[in-house]
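Participant: In the order they appear, the protein sequences are chains S and D. Residue numbering for the first sequence follows this note's numbering, starting at 1 and increasing by one per position. Residue numbering for the second sequence follows this note's numbering, starting at 1 and increasing by one per position.
Keep in mind the hints are simulated off the structure, nothing from the lab. Be a bit skeptical, because a hint or two may be false.
[Said to hold, decoys possible] Label pairs and their in silico Cβ distance ranges:
#1 D:R388 x S:R15: 50 to 58 Å
#2 D:E410 x S:G263: 29 to 37 Å
#3 S:G188 x D:G270: 42 to 50 Å
#4 S:N173 x D:N185: 37 to 45 Å
#5 S:D25 x D:S297: 25 to 33 Å
#6 D:S260 x S:Q122: 34 to 42 Å
[Stated by the list, open to error] Each computed DSSO-like pair below joins lysine-lysine, with the alpha-carbon atoms no more than 30 Å apart:
#7 D:K203 x S:K45
#8 D:K203 x S:K260
#9 D:K372 x S:K42
#10 D:K368 x S:K41
[Claimed, not checked] Partial selection, computed: residues in chain D whose CB lies under 8 Å from chain S:
#11 R144
#12 P159
#13 A221
From a predicted model like this one, the values you see are computed outputs, not experimental measurements. Note that beta-carbon positions come from the ideal geometry of N, C-alpha and C, so glycine has one too.
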Amino acid sequence: MIQAINSALDICMSRDPDVLVFGEDVGYFGGVFRCTAGLQKKYGKTRCFDTPISEGGMLGAAVGMGVYGLRPVAEIQFADYIYPAFDQLVSELARLRHRSAGEFHAPVTVRTPCGGGIFGGQTHSQSPEGVFTHVCGLKTVMPSNPFDAKGLLIAAIEDDDPVVFFEPKRIYNGPFDGHHDKPLQPWGKHPMGEVPEEHYRIELGRANVVREGADCTILCYGTMVHVALAGAEEAHVDAEVVDLRTLLPVDMETIEASVKKTGRCLILHEATKTSGYGAELLSLVQEHCFWHLEAPIQRVTGWDTPYPHAFEWHYFPGPARLAKALTRLMED
Amino acid sequence: MDDAPQERLRLHIPEPKVRPGATPDFSDIEVPEAGILDRPPIDADDQTLHDFAFAMIRVLDEEHRAVGDWNPHLDADTLRRGLRYMLHTRLFDEAMLRCQRQGKTSFYMKCTGEEAVAVAQAMAHRPDDMFFPSYRQQGLLVARDWPLVDLMCQIFNNPKDRTRGRQLPVLYSARDANFFSISGNLGTQYPQAVGWAMASAYKHDSRIAAAWVGDGTTAEADFHHALTFATVYQAPVILNVVNNQWAISSYQGIAGGEQSTFASRAVGYGLPGLRVDGNDFLAVYGATQWACERARSNAGPTLIETFTYRAAAHSTSDDPSGYRPANEEQAWPLGDPIERLKQHLITLGEWDEERHEALTEELRAAVKADLKTAESYGTLGTLPDEPRSMFDDVFKELPWHLREQRDEMEKL
């Protein structure tokens with residue numbers, strides 16, 4: 001997935017001289033996760049460069065560059081570090097087009113690795129996507145595999161609206177279904193690990209049904225797509241797994257069609273539960289599909305605690321928890 | 001270990017010298033003689049530039065003459081234009097304050113006493129330089145000949161309001177004047193201006209950026225982010241601090257002005273910090289011109305502190321009699337910017353009281369006529385557009401959930 005992201009950046013930079021890539025350690029070194037490796041060498045220091053450790057400054061500058069007419073792609077090294085830039089994201093980037101009635105806008109893409117399962121503790125494991133879907137004016141994306149990551153990132157960069165692009169770091173190097181004791185499978189053996197070299201886009205706002213099923217619908221995204229597939233298999237449930245890909249605007253058509261077909265719905269995310277993005281999904285399903293539901297909607301999420309270091313696997317909503325919830329969902 | 005009794009710790013809370021009821025006292029403000037500072041080359045080293053952060057650039061002396069190295073040597077027409085813009089700004093402010101009192105707008109903010117800052121700075125820049133202002137730089141737009149009717153319509157939120165009723169009055173947007181949409185969240189425009197300037201440098205453009213904040217906002221993180229980014233990338237930007245002494249009711253000591261000057265914030269960042277008499281039109285013009293030359297020749301950014309006084313209330317929602325002595329502005333040791341430039345022109349033989357009176361009448365009539373035009377489109381309470389328009393521009397294209405909400409609203 002790292003190569004897919006790198007390829008998306010490379011293609012966007014080669015096609016548009018106004019695409020600039022910057023962030024902490026992204027220049028000469030190529031990023032702590034190597035997503036920007038080789039870009040400075042290929043495109044020069046003024047197109048791919050290091051920034052001071054100042055997320056607020058970084059996104060403030062990105063807004064100004066976007067207003068000038070550039071298409072900045074900023075990397076926040078960990079989603080946990082995005083909060084110093086919150087004001088620039090929420091009060092400025094998200095609302096600039098609206099507050100100026102279209103006189104100004106800034107087509108900024110903010111890339112940031114999120115999620116746990118890497119022994120990152122509470123400051124390198126968070127999934128704050130729900131904080132950003134709550135903000136009007138931001139698009140929010142989280143891919144679950146290399147093929148999608150490239151197509152979605154290209155679409156995000158080429159989009160004229162600001163996009164927060166979350167990259168689940170646990171699946172940077174291979175799909176992860178929550179079985180942390182098993183050896184890591186590289187993306188090379190996964191069908192979605194096959195990434196075309198050329199330019200392609202995956203339209204924002206379109207979900208993907210990664211597994212068709214008749215018993216119930218699992219709504220998920222990012223790492224949890226792989227957990228969903230594993231958990232359903234372990235629970236012997238014929239689940240339809242919907243990978244949302246874009247959280248805002250969300251693909252309600254696909255969600256609605258699936259839930260109306262199966263009559264049962266489970267929402268799975270790694271982020272904390274209360275006021276999380278799952279609460280929004282639950283409301284949407286309830287609003288659109290209530291008369292088709294045969295059982296209460298289930299939520300499987302991270303607990304409402306900071307992401308622990310030592311108890312990571314007690315925290316992570318893995319396939320065993322999911323299987324239990326699926327059994328409950330099918331029993332009701 | 002020393003067992004001797006130690007003085008107990010005590011917490012320091014800064015406090016202005018005088019409060020309501022007392023006589024205004026500016027005795028600890030040092031007003032240096034005009035014209036005594038050299039104008040260094042724009043690429044001067046840190047050592048040479050260091051002292052400018054603690055001194056005060058002044059050009060107009062007590063006899064209203066322009067003296068010293070920082071005199072920009074403007075011709076009489078340019079000086080008269082500066083006077084006209086400042087006066088026009090003041091009369092516009094007075095008219096809009098009356099409109100607020102009459103219920104024609106919910107809110108207004110005057111810049112009385114600070115007119116030289118925005119007007120001289122706008123005039124020292126090229127028209128295509130990009131401005132990232134705060135809310136008290138309406139003089140920038142006046143000096144760029146932006147139609148006041150447009151500003152009034154933005155204030156009134158009427159159908160001619162180009163921001164379609166989305167902003168608090170005075171948070172203008174004027175793209176065609178190269179004037180960025182004003183946020184209302186303080187200081188956010190500072191790193192944005194730096195980013196814009198970085199983009200301009202990346203594109204090998206010739207345009208530079210300038211941003212304004214008040215003394216209070218220097219305490220925001222964005223102020224420091226901007227200084228860091230400006231120095232790291234040597235961005236072609238001018239970062240201005242309008243030190244008007246007051247952040248609503250908090251005097252500049254609360255923002256850290258008690259221990260050092262705001263211009264001196266630049267020193268640690270390796271930037272030139274120029275401290276300027278903000279009520280001296282020529283000093284503001286000269287310092288800005290220096291910083292513009294410096295930025296445009298790839299010699300780097302500059303921080304300018306314009307030392308001035310907020311003669312009016314913070315806004316129409318504020319009453320300064322609750323926290324500072326009445327008529328304090330009349331005791332302000334740097335005088336009034338309009339009066340000082342007027343006296344300078346008179347001293348030059350290029351102006352007189354009759355012409356000043358005529359100009360005042362002309363501008364007052366112009367503001368009145370503009371107001372009549374703007375009011376004909378509607379004042380507070382006139383809807384600028386169909387309510388459904390609020391859903392536009394959240395995104396470039398309307399997504400399904402906003403379409404649904406818009407429909408829901410319309411069915412109510």
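Participant: Give a verdict on every hint.
Facilitator: We went through each hint and held it up to the structure:
Checked against the hint of 50 to 58 Å, the pair D:R388 and S:R15 fails, with Cβ atoms roughly 37 Å apart. As the Cβ distance of D:E410 to S:G263 is approximately 33 Å, the hint placing it in 29 to 37 Å holds. Checked against the hint of 42 to 50 Å, the pair S:G188 and D:G270 passes, with Cβ atoms roughly 49 Å apart. Roughly 39 Å separates the CB atoms of S:N173 and D:N185, a value that falls within the hinted 37 to 45 Å.
Checked against the hint of 25 to 33 Å, the C-beta distance between S:D25 and D:S297 comes to roughly 32 Å, which is consistent with it. Range check, D:S260 to S:Q122: about 38 Å between beta-carbon atoms, so the 34 to 42 Å window is met. The suggested pairing of D:K203 with S:K45 holds, with an alpha-carbon distance near 13 Å, which does not exceed 30 Å. Proposed proximity of D:K203 and S:K260 is contradicted: the alpha carbons are some 53 Å apart, above 30 Å.
Proposed proximity of D:K372 and S:K42 is contradicted: the alpha carbons are some 59 Å apart, above 30 Å. Note on D:K368 and S:K41: the hinted pairing is violated, with a Cα-Cα distance of about 61 Å set against a maximum of 30 Å. Among the interface hints, the one on D:R144 is violated; its C-beta lies about 15 Å from the nearest C-beta in chain S, farther than the 8 Å criterion. Of the supplied interface hints, the one on D:P159 is violated, with its beta-carbon coming no nearer than about 12 Å to a beta-carbon of chain S, more than 8 Å.
Here the hint on D:A221 is kept, as its CB sits about 6 Å from the closest CB of chain S, short of 8 Å.
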